[in-house]
Structure formats: C-alpha cells, structure tokens
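**Q** Sequence:
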Amino acid sequence: MKMTALIMAGGRGERFWPKSRKNLPKQFLSLTDDGKTMIQLTVERILPLVAMEDIYISTNKDYKALVLEQLPEIPAENILCEPVGRNTAPCIGLGAVHISKKYEDAIMFVLPSDHLIKYNSMFLNTLRDAAETAKENTNLVTIGITPDYPETGYGYIKFNPEVSNHRAFSVDRFVEKPSLEVAKEYLASEEYLWNSGMFVWKVSSILSKIEYYIPDTYNGLIKIKEAIGTAEEEGVLNREFHNFQSISIDYGILEKSDNIYSVPGTFGWDDVGSWLAVERIRKSNEFGNVVTGNVITIDSKDCIIEAGKKLIATVGMRNVIVVDTEDATLICDKESAGDIKKVLENLKICNRNEYI
Numbered sequence: 524m525k526m527t528a529l530i531m532a533g534g535r536g537e538r539f540w541p542k543s544r545k546n547l548p549k550q551f552l553s554l555t556d557d558g559k560t561m562i563q564l565t566v567e568r569i570l571p572l573v574a575m576e577d578i579y580i581s582t583n584k585d586y587k588a589l590v591l592e593q594l595p596e597i598p599a600e601n602i603l604c605e606p607v608g609r610n611t612a613p614c615i616g617l618g619a620v621h622i623s624k625k626y627e628d629a630i631m632f633v634l635p636s637d638h639l640i641k642y643n644s645m646f647l648n649t650l651r652d653a654a655e656t657a658k659e660n661t662n663l664v665t666i667g668i669t670p671d672y673p674e675t676g677y678g679y680i681k682f683n684p685e686v687s688n689h690r691a692f693s694v695d696r697f698v699e700k701p702s703l704e705v706a707k708e709y710l711a712s713e714e715y716l717w718n719s720g721m722f723v724w725k726v727s728s729i730l731s732k733i734e735y736y737i738p739d740t741y742n743g744l745i746k747i748k749e750a751i752g753t754a755e756e757e758g759v760l761n762r763e764f765h766n767f768q769s770i771s772i773d774y775g776i777l778e779k780s781d782n783i784y785s786v787p788g789t790f791g792w793d794d795v796g797s798w799l800a801v802e803r804i805r806k807s808n809e810f811g812n813v814v815t816g817n818v819i820t821i822d823s824k825d826c827i828i829e830a831g832k833k834l835i836a837t838v839g840m841r842n843v844i845v846v847d848t849e850d851a852t853l854i855c856d857k858e859s860a861g862d863i864k865k866v867l868e869n870l871k872i873c874n875r876n877e878y879i
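Basically our numbering = 1-based index in the sequence shown + 523.
The hints are simulated quantities; they were obtained by calculation from the structure and are not laboratory data.
It is possible that part of the hints are untrue.
[What the hints assert, rightly or not] Quick list of in silico lysine-lysine cross-link-like pairs, DSS-like style, CA-CA up to 27 Å: (1) K525 - K658; (2) K857 - K641; (3) K707 - K624.
[Said to hold, decoys possible] Ranges of calculated distance between the beta carbons of each label pair, as one might list FRET restraints: (4) N660 - N761: 31 to 39 Å; (5) E627 - D557: 44 to 52 Å; (6) T753 - D671: 47 to 55 Å; (7) L799 - A836: 32 to 40 Å; (8) V698 - N546: 32 to 40 Å; (9) G831 - I745: 43 to 51 Å.
For every residue, glycine included, the Cβ atom is placed at its ideal position computed from N, Cα and C.
Based on the sequences and whatever the hints tell you, model everything.
**A** What follows is the structure, given as structure tokens:
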C-alpha cells in the first residue's frame, strides 16, 4: 500500500521566545549542530518510507513561503494552508481528503514538525510496525513513547499488554497530564506510554471515523475534496474551514473509538517543548553549561546561554536560561521555563506586537 505523510507545521512555539516568533516559529529554527531546521529533519527522516511527492505539509498561509524556502523539493500543491486554526482533527482531515483525491487509499503517517529523534532507523522500524497494524480493518495506531521518568507534562496512553497486533498493543484509554505521584505510579506499572502526537492509519479509516464522530466536519471536508484543483478551491476551503468545530484528534476521535492500538517507541524522542530541551539536544561543558555564540562564563553552572554576535558574559549564575536576539533578550530561571508564554501574553496586552 502507498505510504504518505502529513506533517503538521502550524504551531507558534511560544515557549521558545525570543528565538521563535510569529514570523519564524520553532519548527523553522535549527536547534541541532548540523544546522538543519526541525521541519527539514522531519522530512529527511521519513524519506526511506515516503516519496517526496507524497509528503504533505499542513501549515497556515503566513508560513507558506518559509515551507517553500526550507523544503523546495515538496510540490507546492502539497503545502496545505489552513485559513484559520481549528486544532488537529480538521487539520488531519484536510490532509486525508487531499491524499484520498490522489489515491484510492493509502497509509497516512501524521507527524508533528517540531520533534527531534535520535535513532532514525529505530523510528522507521516503529513506523513500519504501526503501518502493518493500520492496514488491517479500520485500526488507528498511535506511536507511544516508553517513559523513562515520571513526566507530568505529557498525556499518557494506557495499553493492554495482553492484547497485541504485530508489535502494537490495544489501547485501553488516554489520560491527561498527571500529578507527579500519579506519574510515578504510571511508570512503575509499565502499562503506560507517553502520548507523542504521532499517528498511523489508512486514509479510509480516519475519514470513516471523522464521518461517524464529527459528521459536520466530514461533510465540509468532502466539499473541500470536490473543489480541489478547481477555481473554487480557495473559496470553498475558506468557507468550510471557518465553520469547522475546533477539536483535537485525540478528543474528537481516539478517545471515543475502538480499534485503537499503540506501538511503543524507544528511538530517542524529544518533543522540544521548551528551552530546557537544549540540554538534551546539545552537549554541555564541564560546568554543565550549554552555550552557543559569543559567550564567556565566570563561576556559572548548569546554564543555557544562546548568544549572537553580541558578547554575553555571566558571573556567578546558576540554573538560568539566557537567550539574546537582535531586539530582545530573555533571562529566565530554568524552573520557570514553562512560564515564558506569559511574556507573550503581557506583550499582547501592551500592544507591543513587534516583539511577538
């Protein structure tokens, strides 16, 4: 069966401010030593399974030029610009109808554009296992991450170790982000996986589930499908997408459906959720500092420092994040990294939109 992929690239990456901005969000930044951006790495790693002409990028019109610049080999018609954000269910549905317009049916990998993966071969093997399960019946497959510590920032997948299909396990339920104590219980039970937000299914399977659980969205998607390639395409897309319910694929479909499976992944996954991820991506020096650019540290330990041309010098600093750009500088205690979004909230209130 034909392998296709939808890469979701519409996020703003607010916790990576001030590097990530409205006009250059996180997925279009390079955080690795090879200089490649996260969306470039996402496309590169799936090419052994999916031909370039079968990779679709879901984004919004503000980022179309960035996608074309960073991924010039992607066909322009494969860049799907959502006229308004409506969460992941309409996003995935839009990708599915474009693929179904091209092929009678196909395997569809759904991948975020801003994750990093250390072991690409193991990742591809996990996708292959998921695809084998997805080919059967109307199975929907999630990629779960085998947890190695009690993380409270992720949703979890409870799976049944007694019921498997190939290397996929039947999913009992999805659970929200837990407290630390509950996360420790999940880890000890060995029956929970982190919900990575990566999915595998047949196009026909996901469209049939959307039709059943979100019929109004399905009807709009079919109208969009019928207009693809015609002069009315943009107008129909704009009208129907604005009418879609804003709902996630997890809440709209996966939490309600049967035939849900999860393949455990152990391929060095990182969702790069905040500046703290830099410590996991790049090597620290003998003092525990991760530094980039023009930096001098004196008696400073366990810091993340991102500089440009301007010199940043730290003295006696501990556990801080310093990120300098041409027009803004962030100084943040590492324990408060999750609150960087509040800076943007304040900037919006003060109408200082040039810094967003």
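**Q** Determine for every hint whether it applies to the structure shown.
**A** Against the structure, the hints:
Among the hinted pairs, K525 with K658 is consistent with the structure: their alpha-carbon atoms are about 11 Å apart, no more than 27 Å. The suggested pairing of K857 with K641 holds, with an alpha-carbon distance near 24 Å, which does not exceed 27 Å. Proposed proximity of K707 and K624 is contradicted: the alpha carbons are some 46 Å apart, above 27 Å. Between N660 and N761 the beta carbon distance is about 35 Å. The supplied range of 31 to 39 Å therefore holds.
For E627 and D557, the Cβ-Cβ distance of about 38 Å falls outside the hinted range of 44 to 52 Å, so the restraint is violated. In this structure the hint that T753 and D671 lie 47 to 55 Å apart at CB holds, the actual value being about 50 Å. Distance hint check: the CB atoms of L799 and A836 are about 23 Å apart, inconsistent with the given range 32 to 40 Å. Separated by about 36 Å at the C-beta atoms, V698 and N546 satisfy the suggested range of 32 to 40 Å.
Our hint of 43 to 51 Å for G831 and I745 holds, since their Cβ atoms are close to 49 Å apart.
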